[in-house]
Amino acid sequence: MPAARPVPLAWRNLTHDRVRFALFALGIAFAVVLMAAQMGIRNALVDSNCRVIDVLAADVVVVHPHRAALFYREGVSRRRLDQASAVEGVAGVHPLYVDYQMTELTHPGDPRAGTRKPSRSVRVIGLDPGAGLLRVPELAPGSPGVAAIRTPGTALFDRLAKPDGADTVYGPVPVNEPGRWDVPTELNGRRLTLVGGFDLGTDFAADGTLVMNEETFLNLVRAPIHPFSPAATADLGLVRVSNGADPIAVRDRLRLTLAAAGPDRDVDVLTLAEFRAREATFWLTMTPIGFAFNAGIALGFVVGLVICYQILASDVSDHLGEYATLRAIGYPNRFLTGVVLQEAVILAAAGFVPGMLVTAGVFAVLGAATGLPVELTPARVGWVFVATVAMCVGSGLLALRKAQTVDPANVF
402 MPAARPVPLA
412 WRNLTHDRVR
422 FALFALGIAF
432 AVVLMAAQMG
442 IRNALVDSNC
452 RVIDVLAADV
462 VVVHPHRAAL
472 FYREGVSRRR
482 LDQASAVEGV
492 AGVHPLYVDY
502 QMTELTHPGD
512 PRAGTRKPSR
522 SVRVIGLDPG
532 AGLLRVPELA
542 PGSPGVAAIR
552 TPGTALFDRL
562 AKPDGADTVY
572 GPVPVNEPGR
582 WDVPTELNGR
592 RLTLVGGFDL
602 GTDFAADGTL
612 VMNEETFLNL
622 VRAPIHPFSP
632 AATADLGLVR
642 VSNGADPIAV
652 RDRLRLTLAA
662 AGPDRDVDVL
672 TLAEFRAREA
682 TFWLTMTPIG
692 FAFNAGIALG
702 FVVGLVICYQ
712 ILASDVSDHL
722 GEYATLRAIG
732 YPNRFLTGVV
742 LQEAVILAAA
752 GFVPGMLVTA
762 GVFAVLGAAT
772 GLPVELTPAR
782 VGWVFVATVA
792 MCVGSGLLAL
802 RKAQTVDPAN
812 VF
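With positions in the sequence shown counted from 1, the corresponding number in the working numbering is that position plus 401.
A few of these clues could be false.
[As the list claims (entries may be wrong)] Computed beta-carbon distance windows for the label pairs:
| hint | residue 1 | residue 2 | range |
| --- | --- | --- | --- |
| 1 | 781 | 730 | 41 to 47 Å |
| 2 | 758 | 413 | 23 to 29 Å |
| 3 | 592 | 643 | 39 to 45 Å |
Please keep in mind that the hints were generated in silico from the structure rather than gathered at the bench.
Note that CB positions come from ideal geometry on N, CA and C, so glycine has one too.
Sequences and hints are given; from them, build the entire structure.
If you want it as structure tokens, here you go:
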């Protein structure tokens with residue numbers, strides 16, 4: 402006689418009414434979308450504000466210790482960068498200039514028509530064009546963009562900057578003529594010519610970016626603030642290590658050398674990964690928007706927990722007689738616990754798939770509308786799945802108490 406096949410009790414409990422099961426799955430899917438959307442915007446906050454760091458062609462970064470984020474103003478003395486260049490294992494140290502706050506970009510418009518675009522703030526990066534400091538194709542050594550911005554008073558403009566209207570990108574660049582450059586504009590009221598474009602994107606601190614050579618940056622951005630010594634301080638020192646050198650060992654030697662060369666702690670030395678982590682930590686823990694998105698993820702989890710608990714508690718109540726019968730014929734509580742937890746996992750899987758499909762659509766719309774990097778990576782999908790299973794299992798543990806304590810004598 403063949404052995405009896407076990408009955409998939411959890412599956413049967415949930416699917417005996419297909420319409421009800423579909424509604425249950427939609428409830429879980431709603432919680433998945435809520436959590437995933439908050440997580441996506443939170444990650445976009447980090448990824449967008451770390452875009453500049455992600456394209457830096459450096460192994461180690463010398464930065465002021467009080468510069469908690471890129472848009473702060475504290476800089477590093479060029480003298481300290483010269484000291485860093487003499488450390489063993491350092492192949493080169495290059496200054497990088499970044500400004501968010503003192504840069505107003507204006508498109509003069511058509512002087513014959515008397516039109517003029519209003520000024521808007523823009524992030525400006527100043528660098529040595531030939532050093533290859535940004536991993537951007539238009540700024541690769543030998544590229545036309547590098548040759549173009551060697552001319553004083555010129556800059557490259559971010560093609561992914563926030564739109565300023567139907568016909569322009571951030572004011573000066575005509576999107577209906579994508580091949581046209583040599584666009585005259587003004588930066589801080591002084592003439593600037595846009596000679597090409599590159600792709601970077603917006604973030605929560607800047608709607609657009611200009612890249613220019615050091616001379617142009619110092620003349621247009623720093624000289625009005627520091628007329629006597631505009632080049633004395635760089636915003637970052639980008640360190641490249643020698644071939645075969647360990648960036649961690651070079652970082653440690655730089656810390657020892659720069660600490661010995663100056664009694665005041667006026668520099669911090671970080672690997673590029675550490676520098677990015679510090680930027681991310683600032684946006685997530687030191688800004689209201691980071692707190693809001695972290696709270697949103699927690700709220701989405703709690704909402705999902707409540708929804709799933711209501712679903713499982715209702716299912717347990719509907720099958721209380723069956724659970725009482727199982728207890729009466731000798732099934733232990735661990736069997737009932739297993740049934741309810743299996744239902745929780747089935748619900749998690751059933752709600753996760755449609756929830757992530759909706760989330761993918763939401764992310765596509767958000768990315769197109771805002772230009773922010775709202776992305777679903779495998780790691781993030783895995784995180785949402787784990788959170789969904791944890792949410793449903795936690796709800797199941799709360800809901801099964803009634804099944805474990807039911808007295809068959811009171812049911813029949």
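Status of each hint after checking the structure:
1. Checked against the given bound of 41 to 47 Å, the beta carbons of residue 781 and residue 730, roughly 46 Å apart, stay inside it.
2. Residue 758 and residue 413 have their C-beta atoms about 27 Å apart, which keeps the hinted 23 to 29 Å range intact.
3. Roughly 41 Å separates the CB atoms of residue 592 and residue 643, a value that falls within the hinted 39 to 45 Å.
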